[in-house]
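Q: Please put together the full structure from these sequences, using the hints given.
So the chains spell out like this:
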Amino acid sequence: MPAVELKAIRKSFGDNAIVKGVDLAVNAGEFLVMVGPSGCGKTTLLRLVAGLEQADSGDIFFHGNKVNDVPPRDRDVGMVFQSYALYPHLSVRENLAFGVTLRKMPKAEVDQRVAEASRMLELDALLDRKPKALSGGQRQRVAIGRVLVRRPSLFLFDEPLSNLDTALRVQMRGELARLHQQLGVTMIYVTHDQVEAMTLATRVAVFNQGVLQQLGPPLELYHRPANTFVATFLGSPSMNLLPARREGAQLSGDGFTLRAPASLADGGEVQVGLRPEDLRLASSGPLSGTVVALERLGFDGFAFLKTAAGPVTARFENASVQVGDQVKVELLGEQVHVFSRDGAKALCHPEPKA
Amino acid sequence: MKACLALACVFAATAQADELTLWHAYRGGEEQALEQATKAFTAQTGHTVTLLAVPYDAFSAKLSSAIPHGAGPDVFIFAHERVRQFVRLDMLATSTGKLDPSVYLPAAIDALEVDGQSYGYPLSLKCLALYVNDALVTKAPDTTAEFLAMAPRLSAADRNQFALAYEAGDFYYHAPILLGFQAPLFDAQGKASFDSPGMTHSLQFVRGLQDKGFMPQESSSALVKSLFNDGQAAMVISGPWFAGEIAEGLRYSVHPLPVVSETQEPMHPFLGVEAAFVSARSTKAAAANALAEFLARGEGARLRVTVGRQIPAETAAYERPEVAQDTFIQSFHRAAANARPTPNTLEMARLWEPMKLTLRAVLQGTAAAEDGGAVAARRYRALNREAPPETSPVPWLLALGAAVVGFVLWQSRKKKEKAPDLKKAIVWVAPAAVGVLVLVLIPFVVGLSLSVFHHDAGHYTFVGSANFTDILTSKGYRVTEPLSFWFTLAVTVLWTAVNVFLHVAVGLALALALKSPLLKLRGLFRVLLIVPWAVPNYITALMWKGLFHRQFGAINGLLHLLGVEPVSWFTHFSTSFAANVCTNTWLGFPFMMVVALGALQAIPQDLYEAAEVDGASKWTQFTRITLPLLKPAMLPAVVLGTVWTFNMFNVIYLVSGGDPGGATDILVSEAFRWAFQRNEQYGFAAAYSVLIFVVLLGWSAITKRLGAEKTA
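Taken in sequence, the protein lines are chains F and R.
In terms of numbering that gives the first Met the number 0, the first sequence has 67 at position 68, counting the first letter as 1, and numbering is strictly consecutive.
In terms of numbering that gives the first Met the number 0, the second sequence has 252 at position 253, counting the first letter as 1, and numbering is strictly consecutive.
It cannot be assumed that every hint is accurate.
[What the hints assert, rightly or not] Subject to a maximum C-alpha distance of 30 Å in a straight line, what follows is the list of computed DSSO-like cross-link-like pairs (lysine-lysine): (1) R/LYS617 to F/LYS131; (2) R/LYS617 to F/LYS106; (3) F/LYS103 to R/LYS617; (4) R/LYS422 to R/LYS519; (5) R/LYS125 to R/LYS97; (6) F/LYS129 to R/LYS630; (7) R/LYS519 to R/LYS630; (8) R/LYS474 to R/LYS355; (9) F/LYS131 to R/LYS630; (10) R/LYS617 to F/LYS65; (11) R/LYS617 to R/LYS630; (12) R/LYS630 to F/LYS103; (13) R/LYS38 to F/LYS129; (14) R/LYS211 to R/LYS283; (15) R/LYS630 to R/LYS514; (16) R/LYS630 to F/LYS106; (17) R/LYS125 to R/LYS423; (18) F/LYS131 to R/LYS514; (19) R/LYS190 to F/LYS129; (20) F/LYS129 to R/LYS474; (21) R/LYS61 to R/LYS355; (22) R/LYS38 to R/LYS97; (23) F/LYS327 to F/LYS305; (24) R/LYS703 to F/LYS131.
Calculated directly from the structure, the hints in this document are not laboratory data.
A: Below is the structure:
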């Protein structure tokens, strides 16, 4: 039985339909990441699960029990807010203990839980400070600790790392992954950052415009995106999409010809998806174009090209390439994704490279 | 040569024609009459007259500050009650000599005499008479027995119909009845006298009128006016000024007040005589004297009667054909025959407050008529404190000198940093320093110094700490009496605590309601709720005073609809206090609401969501999140509100007026009464103010510590 199950959930604010019929099941012990661009409805969905919003239609089940009318405080969920929402008038210790003291827990147990959480999150030295005397990362840890102390059966995270700097974000990501492993609790995590999604998730749910696009383990989504939205959303830089036609054993578009995957059914107009890391600037290759920009990451990097078929991003391992150069691009390992022309459906995916 | 001569002639002519100034407090017809009369004077004598109309409230103070410094008018018009005080301050010229009893009414001459010397020229009379609505009363009563006989027919209290309406709670209106019952105002030594059979009988008589429903309760001038104009009061006791307030078309006549049947003595109203006084400091004494006399007699008197509708003091004026025809003027002339000039002695000034207290107490039922005299006598003794013994200021001055020297030494011992640019610093600081000096420091020092003096009729004597010890030991009355400092302090503290609690509670509740997302038309409500704050508070206070009226107030009206007995709000401490608190809460909650609303909006919504998920109920959210987060914003507001409420003079003075018997007065209103309503005990009042200052200083020290704890 899934820990959380959403059935045909719809939610609008005024005339704005935010969630347009979502079905989703979260397994017990799973770390589910909901990802999508701003305004895709992922945060609203999380708040629906927490009970902070009421769905217009559809049902929410926790372990098979319908919780539509259960107030947040009785849902046994813990939530980490994007703004952290620490109580400014309380010390770190009081912030951590807030939830359990409300539940009339004996003081000894409260102290023990606070001590445990602060040890786990390295907050021991900060317990008597007020939130305003903490750094962003410390506040973030307190917000997580507040949930930890309560030991709810479901953890909810609403873009918890978006206010942190890059280095801290990497560190916190590691801590969250470790935490999930340690506790084995069901967690639902909302982010717009695909890196967080890929690194943290057991499964990823990709949303766009209020609709669930694809649900699956991160690598499956990466290797077998269900449509061009998922394909371009995951992976950085984005997958290149080029319009093409199938002509016999070949896929040809403006200025390029590729070998058609054998599994591709015969058909007319399609889109070809090529990941930048599968493309290399080379002396010869099926694609050619002009370098319009370069993103150097050291010795290698990504080159942004203008080709006859449209813009293409490709890796290079040659430091001498310059903006304005005429270059050729080769395709490594026949990694060709094919989508329907409207992008709504994947037609075939390559075998992942070993 | 000829030209020079002509010029000299012109100079001589202008030297003879003086320029006179005349100050008065007239308005409307009376002012017009005065203008015409002075023009006639200029035409006759060539002296020009400049008129200055001074607001009545400020008139006396302006005269007594301007004239001794030579800045005053040559002639001024004032009522006779102050003549003795003016004489003592050397403000009046003695040029009048002795007034001719064949020219003026004898009562008017009496009024202007001090120790055998007359001052000024009597212009007009003011006294009370009986206004009768001719549609309701065919023949005005000559005696109280006649009045009592016709009163039942003219009264129906349940329909707000009364035989008589007048300001019964004001001693000026009670005086004719008191004198009609042959009660003496003063004893053989000239001291005020209260405890007499006449006093008891007069109080019983008035109380009886009220009990039988012949006259309304808690009358005010506005109520009397509206009752008479609406035909709900058949008769009214009032003065000549009342004629201007009667609705057009209402047929009425004016009669002398009736004779008291028990004593066969006519009611004797107080006679006020307005006179033109010549200033002792006038440099054009002859012309000024001529002007004053001109206004009093002949053409001057004629204009004042016909244009100004004044009741003349000149006997010849009544013989003029146009005046002989004038029933209104003639009626007041007859009414004035029984009038007695208001005594112009200091002792008279001391009568008013004890008398007023007694009248209120008896009419409101808090004292029996038989005890009325005793109540007044007790109050009189308390108010007219014996002057404390004069003490030598030398030890005080020595102590002050020592303190100053000590302070200077202490300051000079402190290490001083040399200001880099002293001149510039002084220039920058000067404007603010001058403001603080003039507006704060000087009044403060003057008040502080005043508190060690005793003031009696313009003379100050140094009494050291006697004012303070008298206040703090509650000399002359019990600690539990309203006149005691400790009683008043307790009332003030209670008043402040109850008010601030209600302000915060109501303000916070409304702020929470306004913040609620479910509320429609939020902007409209917000504006409406701030309105009480935008209305000047004395207007609000007067409105609430009206709402709490015993017979005509809306609150008793509502209670009546609910089947509850009407409450006489200002006769018991608890109800009177509650009425004050209602008014002040109405005035005070918007401020707290605005502060709370601002603070509430600054609390992030996600804190409530976090608490909600953490398991907090709405109430827990309020107590554990809202209240603690409001505290930093509300604490300064509460401290401010406390000080405002502690010193909220307007509401106390205008709503309960200290009733019953001064019990609801707070420290500031008491200080005001000691200074301005109780025999001008400025020193005593200043000592009161100093004590108020000390109390608030203590309070601010406490709140300072509270604030410090918060930030620690």
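Q: Going back to the hint list, which numbers does this structure go against?
A: Violated hints (numbers, rising): 4, 13, 14, 17, 19 and 20; every other hint is consistent with the structure.
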